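Novice: The primary structure of each chain is shown beneath.
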Amino acid sequence: MKTAKKRMLSGNKAMAEAISQEMERDSNVFVLGEDIGKYGGIFGSTQGLIETYGPERVLDTPISETAFIGAAIGAAAEGMRPVAELMFVDFFGVCMDQIYNHMAKIPYMSGGNVKLPMVLMTAVGGGYNDAAQHSQTLYATFAHLPGMKVVAPSTPYDLKGMMTSAIRDDNPVVFMFHKSLQGLGWMDQLDEAVGNVPEEAYTVPLDKAAVVREGKDVTIVGIQMMTHYAVQAAEKLADEGIEAEVIDLRSLAPIDKDTILTSLKKTGRLLVVDEDYLSYGMTAEIAAIAAEGALYDLEAPVRRLAVPDVPLPYSSVLEDFVIPGKEKIYQEVKSLLEEG
Amino acid sequence: MSISEEKQTTVPLEKMKWMYSEMVKIRYYEDQMVEVYSEGKAPVFNIGAGTVPGEMHLATGQEPAAVGMCAHLTKDDTVSSPHRPHHHAIAKGVDLKKMTAEIFGRKTGLGKGKGGHMHLFDPDVKFSCGGIVAAGIPHAAGAAMAARMKGTDRVAVAFIGEGAANAGAFHETLNLAALWNLPLIVVVEDNSYGISVPKKASTSIESNDKRAGAYGITGAYVKDNDPVAMYKASEEAVTRARDGQGPTIIEIETYRFLGHFQGDPELYRDKEEVPGLRQQDPILKLKKQLLASGVDDADIEKMEKDAKQVVDEAYEFARNSEFPEADDALRDVFTS
Chain A
1 MKTAKKRMLS
11 GNKAMAEAIS
21 QEMERDSNVF
31 VLGEDIGKYG
41 GIFGSTQGLI
51 ETYGPERVLD
61 TPISETAFIG
71 AAIGAAAEGM
81 RPVAELMFVD
91 FFGVCMDQIY
101 NHMAKIPYMS
111 GGNVKLPMVL
121 MTAVGGGYND
131 AAQHSQTLYA
141 TFAHLPGMKV
151 VAPSTPYDLK
161 GMMTSAIRDD
171 NPVVFMFHKS
181 LQGLGWMDQL
191 DEAVGNVPEE
201 AYTVPLDKAA
211 VVREGKDVTI
221 VGIQMMTHYA
231 VQAAEKLADE
241 GIEAEVIDLR
251 SLAPIDKDTI
261 LTSLKKTGRL
271 LVVDEDYLSY
281 GMTAEIAAIA
291 AEGALYDLEA
301 PVRRLAVPDV
311 PLPYSSVLED
321 FVIPGKEKIY
331 QEVKSLLEEG
Chain B
1 MSISEEKQTT
11 VPLEKMKWMY
21 SEMVKIRYYE
31 DQMVEVYSEG
41 KAPVFNIGAG
51 TVPGEMHLAT
61 GQEPAAVGMC
71 AHLTKDDTVS
81 SPHRPHHHAI
91 AKGVDLKKMT
101 AEIFGRKTGL
111 GKGKGGHMHL
121 FDPDVKFSCG
131 GIVAAGIPHA
141 AGAAMAARMK
151 GTDRVAVAFI
161 GEGAANAGAF
171 HETLNLAALW
181 NLPLIVVVED
191 NSYGISVPKK
201 ASTSIESNDK
211 RAGAYGITGA
221 YVKDNDPVAM
231 YKASEEAVTR
241 ARDGQGPTII
251 EIETYRFLGH
261 FQGDPELYRD
271 KEEVPGLRQQ
281 DPILKLKKQL
291 LASGVDDADI
301 EKMEKDAKQV
311 VDEAYEFARN
321 SEFPEADDAL
331 RDVFTS
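Residue numbers (this note's numbering), protein chains in the order written: chain A, 1 to 340; chain B, 1 to 336.
I should point out that these hints are in silico values taken from the structure, not numbers from a laboratory.
Since this is a predicted model, take the numbers as computed values, not measurements.
It cannot be assumed that every hint is accurate.
[As the list claims (entries may be wrong)] Pulled a few chain A residues facing chain B out of the computed Cβ check, cut under 10 Å: (1) 76; (2) 106; (3) 111; (4) 313; (5) 314.
We put the beta carbon where it would ideally sit given N, CA and C, even for glycine.
Please model the complete structure; the sequences and the hints are all you need to start from.
Specialist: Put into structure tokens, the structure is as follows:
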């Protein structure tokens with residue numbers, strides 16, 4: 001029997017490999033953004049690309065997000081497939097007009113006659129003491145606005161497969177990658193930031209959640225770091241005989257209601273965990289999905305954990321308090337199971 | 001830097017005639033729109049009522065910018081236009097029937113009734129416009145990038161109003177376009193007002209072509225709303241862009257005969273201003289030049305008649321078109 005060779009890659013190398021393979025496959029694919037050339041992207045998502053494809057297809061831009069995201073829109077309308085990087089999602093404030101008024105609306109306002117096959121990739125997430133302007137996820141801010149697919153993969157395997165799908169998709173895709181899951185040498189070293197990634201190109205759908213741990217007692221829905229913390233909490237709960245089912249949402253828009261509802265019909269209990277702000281966010285959306293589609297299957301009210309409507313603070317003691325983690329998830333599930 | 005006025009380019013008679021006929025078409029189109037837009041809005045003006053609801057920004061008087069530039073473009077060159085788009089669309093060759101149907105909110109429209117007058121997209125002739133000031137400039141830059149990446153000599157033109165030259169997108173994009181030597185031309189139509197605010201109250205420099213110096217590119221100024229001078233300045237800019245010699249800013253002094261939008265009380269300008277501007281109607285000026293060039297009255301009448309017929313047919317098509325089904329609103333968010 002042959003042993004399957006498992007190749008391990010960090011999140012950022014998985015992304016860069018996807019982009020590289022698509023650039024090889026399709027000459028219309030090009031990359032632009034700040035420090036994406038020789039630096040390889042501040043979070044490593046474009047490493048090695050300029051060496052292979054040169055500065056004509058891997059373009060370092062001025063600090064002019066409106067200009068280069070707008071130019072990506074203009075190029076996409078002409079049939080190119082740009083991958084633009086907005087360095088931190090927090091910087092959307094200087095260019096959101098291009099993103100939500102143009103990228104997200106031109107296909108619709110043109111009655112489908114103009115396609116914008118582009119990817120806007122951006123770094124999200126906190127937990128590394130960079131404070132309120134460099135630590136947000138803003139999942140819901142983007143997912144709220146129609147006209148963009150919004151995905152946030154949690155594993156190197158999905159980062160590669162979903163990036164490949166995003167580049168091949170004829171619609172604008174906002175591709176959020178979590179800084180902590182990139183495998184950066186200058187951040188906390190997490191096991192979850194490295195994983196098995198096949199060498200050949202493959203796709204992962206942009207509209208399907210994944211059940212990453214099966215269980216019968218409670219459903220925990222999260223995305224990116226929250227999924228990983230949920231799995232860690234589930235392992236601790238399992239030691240006590242509690243079987244939590246963990247769903248990695250993977251895609252915020254479109255959202256995979258079926259996977260959530262199927263799980264709820266089995267477990268009857270729901271905890272939603274989010275690294276974004278609590279109010280009007282992903283946790284509320286999933287609670288509404290549960291109320292609309294599985295209310296009579298619920299044995300207890302829905303629970304939510306998220307950043308409690310404050311900007312992300314700097315000091316570790318403060319930041320650790322507001323971002324949900326393994327221990328909080330564990331406690332919340334225990335408390336949820338004591339109800340009803 | 002400015003384009004040398006002494007340069008003796010002559011405008012071929014056929015191009016002169018094309019410009020005249022397009023200007024007549026644009027003028028007649030906008031005149032008809034004034035009438036159609038007022039349908040169903042009396043006795044009380046309600047912007048959401050009538051045959052054509054919503055805001056309406058007409059370009060009456062601003063024809064020279066559109067025809068002088070578009071005379072040099074093919075359907076493969078790209079144009080982005082702002083909230084006042086009809087003159088650019090017509091001069092670029094946008095399907096006039098589908099455009100009018102779009103403005104009427106009909107399903108036969110360019111965007112199946114989802115865009116309206118400020119959001120017209122005709123990929124067949126690479127035309128787009130939008131309702132956010134200055135936002136179309138980077139789109140044109142992106143089209144210019146694509147043109148070069150595909151190894152063509154196509155160019156892209158962003159038409160903007162003078163008010164847009166004070167938006168960040170203008171500066172960001174011109175720096176980028178100059179840096180990357182893109183085949184981009186930005187045409188600034190100075191109609192003197194950003195809605196109500198006069199240019200001298202909003203802009204630190206006399207004319208925006210002078211800002212070209214800040215990016216190390218060429219600037220050109222066209223005075224007196226002159227279509228022939230606009231033709232010449234555009235010819236130089238387009239040639240430069242096609243030859244890989246980078247972007248140009250052209251500012252043209254133009255006139256807005258109507259309000260910012262239909263229904264604008266125009267309290268910010270003197271009652272005598274518009275009659276004075278109409279004395280300098282660019283269509284009449286070009287007509288005189290044509291007559292002086294040996295085109296006779298009968299030729300001109302025929303050109304005018306043909307242009308108007310095309311417009312009448314477009315309005316008729318729009319009026320007779322069906323409205324979309326209500327639930328068509330749910331389609332076209334994503335392409336499958």
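Novice: Each hint should be assessed against the structure and marked as holding or not.
Specialist: Here is how each hint holds up against the structure:
1. Annotation: residue 76 of chain A was flagged as interfacial toward chain B, and the flag holds, the nearest CB pair being 7 Å apart, inside 10 Å.
2. With its C-beta approaching chain B no nearer than about 7 Å, residue 106 of chain A sits inside the 10 Å limit, and its interface hint holds.
3. At about 3 Å, the closest approach between the beta carbon of residue 111 of chain A and any beta carbon in chain B falls short of 10 Å, and the interface hint on this residue holds.
4. Annotation: residue 313 of chain A was flagged as interfacial toward chain B, and the flag is violated, the nearest CB pair being 30 Å apart, outside 10 Å.
5. Here the hint on residue 314 of chain A is broken, as its CB sits about 29 Å from the closest CB of chain B, past 10 Å.
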